[in-house]
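Asks: If you want the building blocks of each chain, they are given just below.
There are 2 protein chains.
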Amino acid sequence: MTAPTIPLAGRAKDLVGSMIDSSTSLLAAQRHDIVRFAMGSPADEAVPSDEFRQIAGEILDSSSFTYGATEGEPRLLGLLVDYLAGTADPASEDRLVITTGGMQGLDLACKLFVDPGDLVIVESPTYTNGSATALSYGAQLLEVPTDENGMDVDLLGDLVARTRQTPKAIYTIPTFQNPSGVTMSLERRKALLEMAHHWGAVIIDDDPYGLLRFTGEDVPTFRTLSPDDPLLFSVRTFSKILAPGWRVGWVDADPSLRQLLINGKQAMDTCTNVPNQHIVAEYISRGGLDEHLASLRVLYRERKDAMIAAVAKHLPGVASVTDPEGGFFCWMTLENEYADVDTRELFEIALAEGVAFIPGPALSPGGRFHNALRLCFASSTPERIDIGMQRLARSLETLTRGRP
Amino acid sequence: MTAPTIPLAGRAKDLVGSMIDSSTSLLAAQRHDIVRFAMGSPADEAVPSDEFRQIAGEILDSSSFTYGATEGEPRLLGLLVDYLAGTADPASEDRLVITTGGMQGLDLACKLFVDPGDLVIVESPTYTNGSATALSYGAQLLEVPTDENGMDVDLLGDLVARTRQTPKAIYTIPTFQNPSGVTMSLERRKALLEMAHHWGAVIIDDDPYGLLRFTGEDVPTFRTLSPDDPLLFSVRTFSKILAPGWRVGWVDADPSLRQLLINGKQAMDTCTNVPNQHIVAEYISRGGLDEHLASLRVLYRERKDAMIAAVAKHLPGVASVTDPEGGFFCWMTLENEYADVDTRELFEIALAEGVAFIPGPALSPGGRFHNALRLCFASSTPERIDIGMQRLARSLETLTRGRP
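Protein chains in written order, with our numbering: chain W, 1 to 404; chain R, 405 to 808.
Since the hints were made in silico from the structure, they are not lab data.
Here the structure is a predicted model, which is why all the values come from computation and not from measurement.
Among the hints, a few may not be true.
Here chain R is said to cover these stretches of chain W; the calculated rule only asks that three of the stretch's residues, wherever they fall, bring their Cβ under 8 Å from a Cβ of chain R [what the hints assert, rightly or not]:
| no. | segment |
| --- | --- |
| 1 | 35–44 |
| 2 | 259–272 |
| 3 | 318–324 |
All C-beta atoms in this analysis are idealised placements derived from N, C-alpha and C, irrespective of residue type, glycine included.
Using the sequences and the hints given, assemble the complete structure.
Replies: The structure is reproduced here in structure tokens:
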């Protein structure tokens, strides 16, 4: 008797893995001496673990262990509204649904907006777990190049025209983009809004890092530029500003979508885990979040500077690197005689040398950017960043040694 | 200027709400004196909240707050394999993926198996959040009647033939079914396996209550009857045996599906929240789970008995009720002169009287069972169960008073 064939859905072929946050890179990162440029995790020392543990030991009670409301714990929602009032994205409670991390916000967006065959615009490079979610709903992805001002909106009209489709959604990480670190300019934000309205397309505005600007001036958010715009769907998370392990984030969307979001989320995970919502709420209520963010900005600026300096020191003439004003990532492009290096090959050698990163092709649905890589500066001290860059230089040398 | 139309996906119309675990019933249940027959929540006193809080205050550390492996925390997976070895469903680690509650297991199953238009068999009545997930992937649902031996598999061939489709998946809660409380007989399990193989359909075996049998003999699980069967997809959770607030469950599936499950889950929520996985693992490692389950069986048997007794006392000749051998739920059907009562109308009156339940039509995709209701006996003490049933009787009286 032969084993029966498992009747997979057509979309199973579109459930693509990603090197980001995957078990492979995680296991690599767990090796003690590896310099962790791969994962987009906050530094261990940037997470107030002791305070979190203390709060957990103090406040968890039976109300933390039962089902919560699908839209989120009322206290957390209330505190979030209060907190957001002091940011560039104020929101009323009827716009908010707590999600199981920012990732679930993207899953919900695609569940609500993406039919099989729909055209979805993504930045190139992009956050592959985000584009993978769109693919899992059958999206046709259109990659649009980015430069130092973010998605190149000037190219968008022509690129879209060639597809002979009208975009259904535009997936963007406008601020300190993952993976490139760049920020979309004000002009481009305005132009993108205009095009979204022209097409009737939703802008999925994924912004996990916006509160982590360590230099330069804030660029107005889409929400500020177009208040109460039903075509704006904002995905936010505590992952980068508090800790990713919580899996607590939120979406901010037109109130007319709220019941659909609740229905969709019920069919995903019933509600976001309750103890962590209670701990996050208590942390916020104690008033330390602003001070915490201020300390993160100092820490991450220092680390970004260390990374730029380490590139200049160990890879002169070998690579160019973006110089972000916030967030977690630099994007490195190998150049000159290294321009034909495949960073997927480099990855294996680098792991053996003791440094992890994400190869460029893993950050493009079409596998572009063979000679680029994503480097997270947030997780490592300046000293470790220097060591990591030295190891990266050695890996490159190993890979290219003996070449003609 | 008129507001732009939001370009919803076609499936948005299939994102149906449910009265189960919804904010409506939650809010109702929070009213202090309401007898909580609605939600399928463990009793507060059945949750070792103090121990959970203590563990949290002791063991959470920086490793709890960063990203975890998508397939689950290694320690929890190891402890789970050890624990399952002593149950009816032993599993090796290559079969397991930790999920964000059992609900995400159902979401993953539909993501992997259900194409738009696919025929998915569900029990009637069924767990509506489960059937809603299938709908959200475009499934055509076929409701199959259940009786005291579970899904009526004898009817299945004819019902399927009439659809002129081959089923892609069979969604069943075989043991202490939600909402009916009944358990599928051994003969029917064998017959269902045979039909699944005939059709090449996956059995999505959702079993949150199997470890909560308080009387009678275990019926062999599908996994026992057909070991290593690639068409079996088992959805399990800690929600009913520990606490639903954790949102920690697991799926047990053919090892060939594991990478797809990991890819699919990455695009849903990256990983299940890490602190709760650590707390659950620590709780299991301290060895108290078996004793805890034993105490739950005593508690829930007493409550089930109290509910059966309260029905006999307060609703004689008015309603028949199932007498489950485990789990959380009795299913009540109004009869005789009450057979035409609509339990959705009764619901509003009952809330005002101070008792909550789930009306039958909310537990059937086709809105069947107008004169039935789901009663959760797990959340209330015997005394409160008696009071609740009295209130239910009074609500019925109010609703039908002055009828001809």
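Asks: If you count the residues of the segment 259–272 of chain W with a beta-carbon closer than 8 Å to a beta-carbon of chain R, do you get 3 or more?
Replies: holds (count 12)
Asks: If you count the residues of the segment 318–324 of chain W with a beta-carbon closer than 8 Å to a beta-carbon of chain R, do you get 3 or more?
Replies: This one is violated; 0 residues, fewer than the three required, reach chain R with a Cβ under 8 Å.
Asks: The segment 35–44 of chain W covered by chain R? Criterion: 3 or more residues, Cβ-Cβ distance below 8 Å.
Replies: holds (count 4)
Comparing the model with each earlier hint shows a violation of hint 3 alone; every other hint is respected.
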